[in-house]
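Novice: Each protein sequence line maps, in turn, to chains A and B. Its first residue numbered 1, the first sequence is counted upward by one per residue in the numbering used here. Its first residue numbered 1, the second sequence is counted upward by one per residue in the numbering used here.
Just so you know, these hints were derived from the structure itself, not from any lab. There's no promise every hint is true.
Said to hold, decoys possible - Which residues of chain B face chain A? A few of them, derived with a C-beta cut under 8 Å, are:
hint : residue
1    : E251
2    : S252
3    : E348
To be verified - As a list, the in silico DSSO-like pairs of lysine-lysine whose alpha-carbon atoms are at most 27 Å apart:
hint : chain 1 : residue 1 : chain 2 : residue 2
4    : B       : K472      : B       : K460
5    : A       : K136      : B       : K232
6    : A       : K136      : B       : K472
7    : A       : K335      : B       : K326
8    : A       : K12       : B       : K476
9    : B       : K137      : B       : K232
10   : A       : K253      : A       : K12
Don't be surprised by glycine CBs; every beta carbon is placed ideally from N, CA and C.
This is what each chain is made of:
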Amino acid sequence: MPALSSTMIEGKIVSWVKSEGDVLSKGESVVVVESDKADMDVETFYDGILAAIVVGEGETAPVGAAIGILAETEDEIAEAKAKAASKSGASTPSAPPPAPAPAAAATPAPPKSTPAPAAPTVAEGPRKTVATPYAKKLAKQHKVDIESVVGTGPYGRITPEDIEAAAGLSPSKKNVGLAVVVETKPAAPAKAPAASAAPSSLPPPVPGSTVVPFTAMQAAVSKNMVESLSVPTFRVGYPVTTDALDALYEKVKPKGVTMTALLAKAAAMALAQHPVVNSSCKDGKSFTYNSNINIAVAVAINGGLITPVLQDADKLDLYLLSQKWKELVEKARAKQLQPQEYNSGTFTLSNLGMFGVDRFDAILPPGQGAIMAVGASKPTVVADADGFFSVKNKMLGIAFGRKRFPPTMASFRYPVHITYLIMVNVTADHRIIYGADLAAFLQTFSKIVENPESLTL
Amino acid sequence: MHSICFQATGVPGSNYIFDSCSPALAISKPINLRFCGLRKEAFGFSGLTHSSSGRVRFSSRGHSKKVSASAESNGSPPKSFDYDLIIIGAGVGGHGAALHAVEKGLKTAIIEGDVVGGTCVNRGCVPSKALLAVSGKMRELQSEHHMKALGLQVSAAGYDRQGVADHANNLALKIRSNLTNSMKALGVDILTGVGTIVGPQKVKYGKVGFPDNIVTAKNIIIATGSVPFVPKGIEVDGKTVITSDHALKLESVPDWIAIVGSGYIGLEFSDVYTALGSEVTFIEALDQLMPGFDPEIGKLAQRVLINPRKIDYHTGVFATKITPAKDGKPVIIELIDAKTKEPKDTLEVDSALIATGRAPFTNGLGLENVNVVTQRGFVPVDERMRVIDTNGNLVPHLYCIGDANGKMMLAHAASAQGISVVEQVTGRDHVLNHLSIPAACFTHPEISMVGLTEPQAREKAQKEGFEVGVAKTSFKANTKALAENEGEGLAKLIYRPDSGEILGVHIFGLHAADLIHEASNAIALGTRIQDIKFAVHAHPTLSEVLDELFKSAKVKAAASSHGPVSEPVAV
């Protein structure tokens, strides 16, 4: 179920334009979804066959849940159908929305078992949960399991205040606008108080200041940033020579290849050799190795920050990758990115080189193992293997076309040798990725960038 | 679903007199004279009425008295009758008929056993408009976002329940006295007591415990209206389980109220209650909310009026048993599946409002004395409101208008039917085109409609073999709506591209209830799109939404401006 608006938490299937067995090609309308705002045609981003419809017409599914299964070949149809059957059977209304995954054929997380009504809070025997309409709405919005909330309202009913308390929100006054409510994950009440309690202890605002509520995108950034504090991270830097990469870039640029695609491809190829850097730690107890290498690339857009994802960046060739990137950026500008197009990343690339930033470190987004921060190059004086020095001055711009020094500069040999260097800084989750892992990964990355021919294969 | 009269008729001010514009309407066949718009109640002495309309009323009064006198001296039957016309029931329908009868020179009496004004004025549209005016203002003041967008700052908005209730009650009192005065001033005799038909052209009336009076009239109109319909199994105690009659007194604002029925009445009360801080649960027997509306409008209305508010709903269920709160227990509502009849759920709420429609109030009318049997309580009538007896014959000189005949349970429809009857008894045949009667729901924003919904039009088109065109415009493109920061809204036109005939118009948006009349008048007059699109609208006004709508319709070039539009539908 795609998110068709920033406030959408679930969607209703109005009608399936295609039926099971239909062959779909990229960009075709497949299904009409009703969101809280409008009915919208949803198109497929992949070619394939609509193998199974998981959510039928008139039914509702949370954002991120699989609504249909797309098979790449006819052989996969039977498998997909079996999957769909088990899915529609297993899904319960109280199941949490499964983590959005790269393709529509996502395997949802097993439904969370609802806590048995063991706690004998009421002596009158089995009693059904009574919650007011707004309490139910809030519970849905903040993903609070309503069965686990103890009602304090009249006749023991669950009130909106009970849900707010369960969600760790400061009780909202009746006239507080909804937009200002900061979403806090109810699952982590132990960590949340630090964040949610903070506003009350802040000094009063300076007179004359204005308060501008976050947009939905900004609120999401804020939520992610606060969440990132619960992950122990460390940083490793590495200088990378880009002479060869620049030369390659000049060659493939006319074919529509962007620097972002080059870097993403290089990172993806390096990740393929170091799967641990592409893994993540979901529960603090285990490694989750991701089967796909999905490179999220941070882009500043419309006053916010979004990370369109280049899926399977190691497998796609450079030209497809570049084309894909172009599409993603256009969609991001038009606010049309589907959830799996911005939250399915397994590794993030962030680049501030075009602003002249020479080095920086990035905050690790929740759910990923590592993020790479790429700075601008500086004319750097280095010693050659043969004792010469070289000065490198090459800026790594991503899709923002800034003037560069001609690459031929590098071919001048001086007694003092000049070479082009960028500083690459990786932030990683130390629960799963250790210093040596990162160092090895960076070494591989550096080698790929310095000998970039493999990128074009 | 059938709701009566939560409509605009309580709004005085426009004072069109049917006769005065009829000559201009000669486009259609003379016998099928169409109304030039709806006749609004003429509250001649109302403080709310524009002074100009008051003057009009004065002059017409003088005139009518003269006519009346001359009619009697002409030696026609009146000598043997006490009255030319007796109307049983002084609601909006009876009032409209009485005023028109006087104007046509008839000696008229109106019998009322309760208070003048009927449901609309006392327990319907009028007091509900007072509550909705409050809810609209509360909504605006509470919407910080909306206020901020306009650059306004308002600190917490609150309300005094008794103050709000008094406003509604005062408005009803004022309109009632206006109505009474307007009839008295015109010389309509108001006879107090319950009216019963004792034979052809003969009515008795009287208060309980007093001797009955018998009066005769050349023609009799039954206009006894309706009462809230309460399904079996529901115990109304007037405190926690209530009907619209109680709700309009606003004796309490419950934290959580279940509203049984999501038609006009239920929807309007949900607007009031949620604005005053209640949470609402709708219980609807049909599979979707707002079943009577054009589906597209209903869907949009649900997105704006239901989903973002503190409202949830159960559809496809009947409330089989509702027990009022007592002995420390809340109101308990038992729901069964509307199709399988199996128990579905039990709700515990603070209050329940029964808004399941209205039932005709026709008991004790003495219909058996003229050999008439009601059908589910409704008085059977033909398209000219003439009462039909058990043998299928017309009962001479007996008519029934308004909710009591169940054709279209709207206050202004009753009034229009009454005027139609008076036209007939004064020698001019007349059939009312019910498809030109608009309806409105006064939520925020409002919903209004006239004519056919899109599915109805398509069904008709298939049967009769014509094409249906649909045009839509958004309030988002309207300057005035944007100035008010109220761009949410849609107007929809359903028409025949071959002839340019308007089949239906549906509006959801700011002041939709006022905007619909351009369309309903066009239908009533048989105006076609290719003509009305050249009419000029002041800029910038909300009326330009309809202007845009007419202009965006694609009428085929071959369609002429003349020739008959389809026959008026009498229902």
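Novice: All the hints need checking, so say for each whether the structure fits it.
Specialist: To see whether the hints hold, each was checked on the structure:
The interface hint given for E251 (chain B) is broken, as the beta carbon of that residue sits about 18 Å from the closest beta carbon of chain A, more than 8 Å. Because the beta carbon of S252 (chain B) sits about 14 Å from the nearest beta carbon in chain A, more than 8 Å, this interface hint is broken. Using the Cβ-Cβ criterion of 8 Å, the hint placing E348 (chain B) at the interface with chain A is satisfied: the shortest such distance is roughly 5 Å. Under the criterion of a C-alpha separation no larger than 27 Å, the hint pairing K472 (chain B) with K460 (chain B) is consistent with the structure, at around 20 Å.
Note on K136 (chain A) and K232 (chain B): the hinted pairing is violated, with a Cα-Cα distance of about 30 Å set against a maximum of 27 Å. Restraint check: the Cα-Cα separation between K136 (chain A) and K472 (chain B) comes to about 35 Å, which exceeds 27 Å; the hinted pair is violated. For the proposed pair K335 (chain A) and K326 (chain B), the alpha carbon gap of about 54 Å is over 27 Å, so the pair is violated. Restraint check for K12 (chain A) and K476 (chain B): satisfied, since their Cα atoms lie roughly 25 Å apart, inside the 27 Å limit.
At most 27 Å may separate the alpha-carbon atoms for a hinted pair to count; K137 (chain B) and K232 (chain B) exceed this at roughly 37 Å. Only pairs whose Cα atoms come within 27 Å are accepted, and K253 (chain A) paired with K12 (chain A) is rejected, the gap being roughly 44 Å.
In this structure, the hints that do not hold are numbers 1, 2, 5, 6, 7, 9, 10, in rising order.
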